[in-house]
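Enquirer: Just so you know, the sequences run in chain order A and B. Our numbering runs 454 ahead of the 1-based position in the first sequence. Our numbering runs 454 ahead of the 1-based position in the second sequence.
Keep in mind that a hint or two might mislead.
Identical chains share a label here; the pair holds if one copy fits it or two copies do between them.
Calculated lysine-lysine pairs in the BS3-like style (CA-CA distance at most 25 Å, straight line) [said to hold, decoys possible]:
#: 1; residue 1: K542; residue 2: K616
#: 2; residue 1: K481; residue 2: K853
#: 3; residue 1: K535; residue 2: K524
#: 4; residue 1: K524; residue 2: K700
#: 5; residue 1: K542; residue 2: K879
Derived by calculation from the structure, the hints in this document are not laboratory data. Because the structure is a prediction, the values reported are computed rather than measured.
Number of protein chains: 2
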Amino acid sequence: MLKNVHDVEAPTHWYNVVADLPFELPKDIVQPRTPETQNIKLQLPLELVRQSISRDQYIEIPEEVRQLYKSWRPTPLVRAKNLENWLKTPAKIYYKYEGNNISGSHKLCTGIAQAYYYKKAGAVRLTTGTGAGQWGTALAVGCRSFDLDCKVYMVGASYNQKPYRRTIMQMQGADVVPSPSGAKQNSGLFLDQKKVDTGNMAFAVTEALADALSNEGSMLSVGSGEAYSILHSTAIGIEAKEQLSKLGETPDIVIASLGAGSNFGGIALPILKDNLEGSKDVRCRSVEPSACPKLTRGVYRYDRTDGSGITPLQKMYTLGNNFRTPNMHAGGLRYHACSKIISALYHHNLIEAVAYPQTTVFKSAIIFHQLEGVVPAPESAHAIHGAIQEALKAKEEGKSPNILFCLSGHGLYDLSAYEQFLSGKMNDYSPTDADIADSLEKLPLVEE
Amino acid sequence: MLKNVHDVEAPTHWYNVVADLPFELPKDIVQPRTPETQNIKLQLPLELVRQSISRDQYIEIPEEVRQLYKSWRPTPLVRAKNLENWLKTPAKIYYKYEGNNISGSHKLCTGIAQAYYYKKAGAVRLTTGTGAGQWGTALAVGCRSFDLDCKVYMVGASYNQKPYRRTIMQMQGADVVPSPSGAKQNSGLFLDQKKVDTGNMAFAVTEALADALSNEGSMLSVGSGEAYSILHSTAIGIEAKEQLSKLGETPDIVIASLGAGSNFGGIALPILKDNLEGSKDVRCRSVEPSACPKLTRGVYRYDRTDGSGITPLQKMYTLGNNFRTPNMHAGGLRYHACSKIISALYHHNLIEAVAYPQTTVFKSAIIFHQLEGVVPAPESAHAIHGAIQEALKAKEEGKSPNILFCLSGHGLYDLSAYEQFLSGKMNDYSPTDADIADSLEKLPLVEE
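Isolated chain A (complex conformation):
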């Protein structure tokens, strides 16, 4: 049960944290090409390239994107008063709700922006890969908004297990196929032919790339893990900061779940800005699943960001691109690594990280649902659980911090996970140290 807060304007600029970093980001390293991939050119709209390397502190949001943002932004900032009372905490808990758009998650911030830039770059059709479907949905909505055709390669297991996600993309006019799709054109690029049979996110992206390369007017949108995706998502934090400020408040702790980084960076970076400028000392805390603990158990090394073999290697916290995430429900948090900007911030102790097992996360999600009336996505539930832990800690310590967290999406497409939890059939899985070591052994060899 939600109400929008209309007390602030939707932002006119995104915030680019690179301008304020007290260190240099490690440079990307071009991968050596194979005979199959040596002639392939990755086409990225010039504006997105510029945004990836820009050192401007603010980057203007194009007017067309701003108009579309206005259809659901500013998103609500809500005080979770019932939860506070139930926890008997002296802390104030605020959440920023990003589930109030048709794609259902924060990813629409970059879905709309990317579709705009690709259209401007001459594309008439976009292809992409999606895992659980949140990104595919966001891009499908973006494409429909700018009259682009959209083809989504959805990881086969999700395609079959999450028919609702598939349907919502189709309702937006997207052509959705399971990956591996069986299309001949798509098999040449891939690094490891064995994976053709099973299908995973990297393979879906590779199929989408091969499709784009072989169809005139088509371009690949890599996904929501890129630096410009974090940039586009900062609309969230900029709004939240202003909304809190209108209430006469500032955050003491900011909490968000961490997949590749666009959700966490989206809310945390505009607030971290004040820390970097020396005027504040807000704790920025990322929450990852115990099943995929890249910050808390990974290494800070160069690794591949996808399976195409042609994108540059980046220095990131990673579990290795061969890491097989154990069974878990928060599909958006499965990525093997953390984007280079967030990784560097963690490496320099400017942000925090914690990992929780999924059953404790779902327990908190049900409590939150009953008290606050929102079904959180499993990804967002990680932030809820993190916020509850901080609120309980504040109670123990007799402090009353302002806790802000991002409720990054609704969970109405994920009710089967809740059903599994309620029926007592949900288990926790964590990789063993040996699992992680095995995967890290296969990291590309790079001279640093």
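Since chain A is already given, all that's left is putting chain B on it; use the hints.
Expert: Then chain B, alone, in the frame of chain A:
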């Protein structure tokens, strides 16, 4: 993609159309009891009894209910500008969006109110029957809001086919079982023992009644088809009228889907009031599915409202309580009859009715979804289709009426229906004249 309109206050009173009717409502007729049912007393909170027979024009909404209404009301009134442009119609199309609460539909208006009155009457636990699950969800939320235990008997077929609906009730803390539940206590009351095996809505309500009778502190909430449910739903129309008025507009046509009548009555009656007082001539148009065409193909006769055999017979437009609704997706529009107030208004030509087949309705729903960014419930899609027809008619006639319709709920639990439609597997079913005649033959014999 929705924004709330906060330009009006949530209403303080419900509107009771009975005060303004230019005719007397036909009296209810008590059913002769069988040996099994002769000692059963239906327990209904006194306040709900009063509301059922009241002739007051306005009935005050209790403060506790008003406070809870405020968590999602006033609901948004949205102008469907993209749809208007796409249709190239000179009409203005407004919709009232009732899907912005955790139950997902307008039924929470009465779910919250009923839980309040039952609690006040001493209940510590409510039982109810639900078909597709909308009503069960609304009552589950109501019970949780007032700390009542809640037991929902859900028609077995829906229990299995709509696991998401079941899960959302469980997440609200309700105990949900499929009906027939197999519990011994529940079999004695039922009129037709054959139906024990298959299960339907009437049997689910009967099970819920038997459960309530045999458990201290438990009471049955019959559902959302009662006169007081229509009363509680008038919050919708009262708000919509005021919201339009703030925009300097009045509606020329009001359109809503018709199940038993609470959705249609909820939005239409507060607007029909001006017609009854002679100051306006707004067309109030109900839309029913071709598969269950009670107003357009039923008869105005006395019939049973449920299968318990103990509630009074009411004069209504009905297809007969033995009517078997053909296969269709809008579960909320399956009811065999139309509530007595709405039926009487139709009988006196004060409202209109039309029926559409489901495939045309889903086609309009997809168009609306793509243009306006909301997934409508299949029930609500009937109103959308009706509104589109009126907008096209206005274009043909060169008129520019204000069309208001009720988007009574979201369809995020109904995506399997959309999938069926998109894959071309959806069919239309209408009863034959013989089907209807067969069912009407079994109507109770009543001297009028």
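Enquirer: Can you tell me if K542 and K879 fall within 25 Å by alpha carbon in one copy, between copies, both or neither?
Expert: Neither: 30 Å inside a copy, 53 Å across copies.
Enquirer: Indicate which option fits the pair K535, K524 if close means a Cα-Cα distance not exceeding 25 Å: within, between, both or neither.
Expert: Between. Shortest inter-copy distance 14 Å satisfies the 25 Å Cα cut-off; intra-copy 27 Å does not.
Enquirer: Within a copy, between copies, both or neither: where do K542 and K616 come within 25 Å Cα-Cα?
Expert: neither (38 Å within a copy, 37 Å between copies)
Enquirer: Taking 25 Å as the upper bound on the Cα-Cα distance, should K481 and K853 be classified as within, between, both, or neither?
Expert: So K481 and K853 fail the 25 Å test inside a copy (42 Å) and across (64 Å) alike.
Enquirer: Please sort K524 with K700 into within, between, both or neither, judging by C-alpha distance up to 25 Å.
Expert: Intra 19 Å, inter 22 Å, cutoff 25 Å: intra and inter.
Taken one by one, the earlier hints fail for this structure at numbers 1, 2 and 5, listed in ascending order.
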